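*Asks:* Take a look at the letters that make up each chain.
2 protein chains.
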Amino acid sequence: MFLLKARDGAARLGELVLPHGRVETPVFMPVGTLASVKALSPLQLREAGARIILGNTFHLALRPGGRVVQQLGGLASFNGWRGPTLTDSGGFQVFSLRERRKLDEDGVTFSDPHNGDTLRMTPESSIATQQQLGADIIMAFDECTPYPASYEQTESSMRLSMRWAARCRKAHEDGAQHLFGIIQGGVYPQLRRESLKALLDIGFAGYAIGGLAVGEPKEEMLAMVKQLGDEMPQDRPRYLMGVGTPLDLVEGVARGVDMFDCVMPTRNARNGSLFTGSGLVKIRNAAYATSEKPLDDACDCYTCNNFSLAYLHHLEKNRELLYHQLASLHNLRVYLSLLERIRAAIAKGVFAAFYTAFKTSPLAKV
Amino acid sequence: MFLLKARDGAARLGELVLPHGRVETPVFMPVGTLASVKALSPLQLREAGARIILGNTFHLALRPGGRVVQQLGGLASFNGWRGPTLTDSGGFQVFSLRERRKLDEDGVTFSDPHNGDTLRMTPESSIATQQQLGADIIMAFDECTPYPASYEQTESSMRLSMRWAARCRKAHEDGAQHLFGIIQGGVYPQLRRESLKALLDIGFAGYAIGGLAVGEPKEEMLAMVKQLGDEMPQDRPRYLMGVGTPLDLVEGVARGVDMFDCVMPTRNARNGSLFTGSGLVKIRNAAYATSEKPLDDACDCYTCNNFSLAYLHHLEKNRELLYHQLASLHNLRVYLSLLERIRAAIAKGVFAAFYTAFKTSPLAKV
Numbered sequence: 244m245f246l247l248k249a250r251d252g253a254a255r256l257g258e259l260v261l262p263h264g265r266v267e268t269p270v271f272m273p274v275g276t277l278a279s280v281k282a283l284s285p286l287q288l289r290e291a292g293a294r295i296i297l298g299n300t301f302h303l304a305l306r307p308g309g310r311v312v313q314q315l316g317g318l319a320s321f322n323g324w325r326g327p328t329l330t331d332s333g334g335f336q337v338f339s340l341r342e343r344r345k346l347d348e349d350g351v352t353f354s355d356p357h358n359g360d361t362l363r364m365t366p367e368s369s370i371a372t373q374q375q376l377g378a379d380i381i382m383a384f385d386e387c388t389p390y391p392a393s394y395e396q397t398e399s400s401m402r403l404s405m406r407w408a409a410r411c412r413k414a415h416e417d418g419a420q421h422l423f424g425i426i427q428g429g430v431y432p433q434l435r436r437e438s439l440k441a442l443l444d445i446g447f448a449g450y451a452i453g454g455l456a457v458g459e460p461k462e463e464m465l466a467m468v469k470q471l472g473d474e475m476p477q478d479r480p481r482y483l484m485g486v487g488t489p490l491d492l493v494e495g496v497a498r499g500v501d502m503f504d505c506v507m508p509t510r511n512a513r514n515g516s517l518f519t520g521s522g523l524v525k526i527r528n529a530a531y532a533t534s535e536k537p538l539d540d541a542c543d544c545y546t547c548n549n550f551s552l553a554y555l556h557h558l559e560k561n562r563e564l565l566y567h568q569l570a571s572l573h574n575l576r577v578y579l580s581l582l583e584r585i586r587a588a589i590a591k592g593v594f595a596a597f598y599t600a601f602k603t604s605p606l607a608k609v
Numbered sequence: 244m245f246l247l248k249a250r251d252g253a254a255r256l257g258e259l260v261l262p263h264g265r266v267e268t269p270v271f272m273p274v275g276t277l278a279s280v281k282a283l284s285p286l287q288l289r290e291a292g293a294r295i296i297l298g299n300t301f302h303l304a305l306r307p308g309g310r311v312v313q314q315l316g317g318l319a320s321f322n323g324w325r326g327p328t329l330t331d332s333g334g335f336q337v338f339s340l341r342e343r344r345k346l347d348e349d350g351v352t353f354s355d356p357h358n359g360d361t362l363r364m365t366p367e368s369s370i371a372t373q374q375q376l377g378a379d380i381i382m383a384f385d386e387c388t389p390y391p392a393s394y395e396q397t398e399s400s401m402r403l404s405m406r407w408a409a410r411c412r413k414a415h416e417d418g419a420q421h422l423f424g425i426i427q428g429g430v431y432p433q434l435r436r437e438s439l440k441a442l443l444d445i446g447f448a449g450y451a452i453g454g455l456a457v458g459e460p461k462e463e464m465l466a467m468v469k470q471l472g473d474e475m476p477q478d479r480p481r482y483l484m485g486v487g488t489p490l491d492l493v494e495g496v497a498r499g500v501d502m503f504d505c506v507m508p509t510r511n512a513r514n515g516s517l518f519t520g521s522g523l524v525k526i527r528n529a530a531y532a533t534s535e536k537p538l539d540d541a542c543d544c545y546t547c548n549n550f551s552l553a554y555l556h557h558l559e560k561n562r563e564l565l566y567h568q569l570a571s572l573h574n575l576r577v578y579l580s581l582l583e584r585i586r587a588a589i590a591k592g593v594f595a596a597f598y599t600a601f602k603t604s605p606l607a608k609v
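Top to bottom, those sequences are chains A and B. For any residue, its number in my numbering is found by taking its place in the first sequence, counting from 1, and adding 243. For any residue, its number in my numbering is found by taking its place in the second sequence, counting from 1, and adding 243.
Treat the hints loosely; a few may be bogus.
What the hints assert, rightly or not - In silico BS3-like cross-links for lysine-lysine, where the CA-CA straight-line distance does not exceed 27 Å:
no.	chain 1	residue 1	chain 2	residue 2
1	A	K281	B	K525
2	B	K560	A	K281
3	A	K560	B	K608
4	A	K469	A	K560
5	B	K248	B	K536
6	B	K281	B	K248
7	A	K525	B	K345
8	A	K602	A	K560
9	B	K608	B	K560
10	A	K536	B	K608
11	B	K560	B	K461
12	A	K281	B	K536
13	B	K591	B	K469
14	A	K461	A	K602
15	A	K536	A	K461
16	B	K345	B	K248
17	A	K461	A	K560
18	A	K608	A	K525
19	B	K281	B	K440
20	B	K413	A	K281
21	A	K608	A	K281
Hints were generated in silico from the structure; no laboratory data involved. Computed from a predicted model, the values in this text were never measured in an experiment.
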């Protein structure tokens, strides 16, 4: 399911061959938590350059439920996207909802943040739900280890995730869906190495780096990515989960990562933070109230082609619904066009120069 | 600025020739209160069949202000629509905000519902603001008479509006903008006749029927529209303000009306009420939670072509922003395609048959 087409230093150009289509890598996957990338239609996503989108198993299991999505033909049919999708496993919620869950050897019991109902997730039930959701790529259920955590805590947590990974692999039917394992081990090189080895022994279609971007210093994150980029098998796709800023993406590619996802472009858009080639634009700023200029005159998105800063400021200030559409579309296009430029640079063998130039650009500072 | 191209009974087929483009009539104008039809982009509006959109002078005068819109090139440039627009005058807010305003012979003092600031509007200031906003069609400032009102109250209110109409006409520079007069007179035939005569004596580019759809029984509304449809000049466009349901539009056309506007399709969409060829769909209804069917299989809109009732139900129930886009797009398309069918029927001289068939259709009951 993965074709490695070129290498340029540690950076890789590849292609995911998936049931719902082919996806060039490195790729950024917009996050559609509840089977919808907030404020954007599938048509808008495609026109912005999205080729694979993500759904969250934990949230979808609660609303509308795996069975409903299955009845409606699976995620890509349910939400009208009809292209490749990936579902996470619920492992991130083991971390993010840790005040609302109890963990044991067999699995995790959550209390639903919406109504207090309990939801039990195990490696087997996560895989079963992900089979109902029907994404092209599904993820092993794990415990995303928090930061900071001691060596002993991290080791214990990682080893539990590896036992769960084996159970996920066993529960996974070798059908059209591709199951990825998730490397844990916090910021401890030896634990990351042990985790990768455990997953390689089990054998997965791809390997994800989990448990980063959870509060650790950026240098620690990049050190872990570097180590794993060097050690992960070349013939499988590598996915850095939940990352990150535009610079994080470039740094990840430079260390051999193929896939990224993050709510940042869409969430920040809704909060009024817009990314441009000149840096961050806080659209609420009164300075934009009368500016005829587009948000980013180098951007080719619908928003920048048709609207002024003044209009975006007006929409945001007055809570007009159209603001969310135009802002989300732009921020996503910034991410997706960045990945296009990254792929072009690798294809031409000039990624090192691209990397150096990008690091000093205003977009690297947002 | 108006070409009458065909008549079929009292129904009329025509064309508005405006600075920003030509518009076939009868036409429905989506409402973009704050220079945005809520949740929809100009591209989506155009693809749904919109050809002219409306802005509200009172609201735009407060946010972002006429001067800002003028600096940005006028309404159609400011909001990226770049097609024909119409602005109301603020007269409707004399009615709808009557708890927050004081009226005198010269004009109206409002207290801003957002911050309590006062806003003074006179016939002259309304025209001046509408000149700043730069719409293709602008409206005389009037007092929209409430319902119920006695004959004497209605007569006094209408005569004030006629004095204001003369001041508006005087304040209006004969430039690119077309100024319409607004007929008042409540549900009293004699007062409506006097108001129309007063406006004809002043002379306007078009004539609007104001002060209806403010709570009066439907038969009284239709009786007034019938009378005025018979008495208004054939060579000028006729605009029935703030109306209405799909059936109201068909009834209006049958009585000689050319132009309509209403928040109903977009507001009802946001509230979960969707219009279809089979009648009203309350999308929140649990019966839709697993329905694979489209909202309306006879509808050609993006929403109906790509999404199931189950997905729309899921989006609405979980307050996903995408819901507003998809729902608003559909309801607006229902209105705009209804007007397309009306125009086609008049062009073929079969409007009477269309009218009879429509009256018994489920869409006539929403």
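*Asks:* Taking the hints in turn, state whether each one holds.
*Replies:* We went through each hint and held it up to the structure:
At roughly 22 Å between alpha-carbon atoms, K281 of chain A and K525 of chain B fall within 27 Å of each other, so this suggested pair holds. Between the alpha carbons of K560 of chain B and K281 of chain A the distance comes to roughly 14 Å, so the proposed pair stays at or under 27 Å and holds. Pair hint K560 of chain A plus K608 of chain B does not hold up; C-alpha atoms about 38 Å apart against a cutoff of 27 Å. The straight-line distance between the Cα atoms of K469 of chain A and K560 of chain A is roughly 42 Å, outside the 27 Å bound, and the hint therefore fails.
Between the alpha carbons of K248 of chain B and K536 of chain B the distance comes to roughly 40 Å, so the proposed pair goes past 27 Å and is violated. Note on K281 of chain B and K248 of chain B: the hinted pairing is violated, with a Cα-Cα distance of about 33 Å set against a maximum of 27 Å. Of the pairs offered as hints, the one joining K525 of chain A and K345 of chain B is violated, with about 39 Å between alpha carbons and a cut-off of 27 Å exceeded. A C-alpha spacing of about 33 Å is found between K602 of chain A and K560 of chain A, which places the hinted pair above 27 Å, so the restraint is violated.
Straight-line distance between C-alpha atoms of K608 of chain B and K560 of chain B comes to about 25 Å, which keeps the hinted pair within the 27 Å bound. Between K536 of chain A and K608 of chain B the alpha-carbon distance is near 47 Å, which puts this suggested pair outside the 27 Å criterion. Restraint check: the Cα-Cα separation between K560 of chain B and K461 of chain B comes to about 33 Å, which exceeds 27 Å; the hinted pair is violated. The suggested pairing of K281 of chain A with K536 of chain B holds, with an alpha-carbon distance near 23 Å, which does not exceed 27 Å.
For the hint linking K591 of chain B to K469 of chain B, the alpha-carbon distance of about 23 Å falls within 27 Å, and the restraint holds. For a cut-off of 27 Å, the pair hint linking K461 of chain A to K602 of chain A stands: about 15 Å separates their Cα positions. About 34 Å separates the Cα atoms of K536 of chain A and K461 of chain A, which puts this hinted pair outside 27 Å; it is violated. Proximity of K345 of chain B to K248 of chain B is assessed by CA-CA distance (about 44 Å); at most 27 Å being required, the pair is judged violated.
Proximity of K461 of chain A to K560 of chain A is assessed by CA-CA distance (about 33 Å); at most 27 Å being required, the pair is judged violated. As the CA atoms of K608 of chain A and K525 of chain A are separated by approximately 14 Å, the hinted pair is consistent with the 27 Å bound. For the proposed pair K281 of chain B and K440 of chain B, the alpha carbon gap of about 37 Å is over 27 Å, so the pair is violated. Restraint check: the Cα-Cα separation between K413 of chain B and K281 of chain A comes to about 49 Å, which exceeds 27 Å; the hinted pair is violated.
Restraint check: the Cα-Cα separation between K608 of chain A and K281 of chain A comes to about 25 Å, which is no more than 27 Å; the hinted pair holds.
Against the hints set out earlier in the document, violations occur for numbers 3, 4, 5, 6, 7, 8, 10, 11, 15, 16, 17, 19, 20.
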